[in-house]
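Please model the complete structure; the sequences and the hints are all you need to start from.
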Amino acid sequence: MSAQNSAGIQTLLDAEREASKIVQKAREYRTKRVREARDEAKKEIEAYRKAKDEEFKKFEAEHTQGNKQAEEEANKEADAKIEEIRAAGKKSQDKVVEELLKAVFEVKPVPPEKS
Numbered sequence: 000m001s002a003q004n005s006a007g008i009q010t011l012l013d014a015e016r017e018a019s020k021i022v023q024k025a026r027e028y029r030t031k032r033v034r035e036a037r038d039e040a041k042k043e044i045e046a047y048r049k050a051k052d053e054e055f056k057k058f059e060a061e062h063t064q065g066n067k068q069a070e071e072e073a074n075k076e077a078d079a080k081i082e083e084i085r086a087a088g089k090k091s092q093d094k095v096v097e098e099l100l101k102a103v104f105e106v107k108p109v110p111p112e113k114s
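Yeah, the sequence shown ends on 114 if you go by numbering that gives the first Met the number 0, and it's all consecutive.
If you are wondering where the hints come from, they were derived from the structure by calculation, not from laboratory data.
A quick note: this is a predicted structure, and the numbers were derived from the prediction, not measured.
A couple of the hints might just be wrong.
In silico DSSO-like pairs for lysine-lysine, Cα to Cα no more than 27 Å straight-line [stated by the list, open to error]: (1) K51 with K41; (2) K41 with K57; (3) K67 with K51.
Pair by pair, the computed Cβ-Cβ distance ranges are [stated by the list, open to error]: (4) K90 with H62: 40 to 46 Å; (5) A6 with E43: 50 to 56 Å; (6) K107 with I84: 30 to 36 Å.
For each residue, glycine too, the CB sits at the ideal point set by N, CA and C.
Take a look at the structure:
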């Protein structure tokens, strides 16, 4: 019976070793699949990011064209107004200088009133 028990124990030990190897292989496979899934997810995220960046750049390019045109029109209007103001200033510049000089040189003192 001892030989039979020994053979049975040996069979159980062999089965345990075999099961341990199977479990180890399953763990390795699971770890490998997790790494692969993580790498695959990173690639998908990067591809999605690139697609959205391109989409944003396209959107930005379409909409900045209108802004540039509006900006150019606003600049033209501002330049026209500035020229208009300068022309008005030059037109009455002599009169303004004359009035200022007159006010400075023709002093009319007024005594302060007592309250």
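- What are the numbers of the hints the structure violates, in ascending order? Structure breaks no hint.
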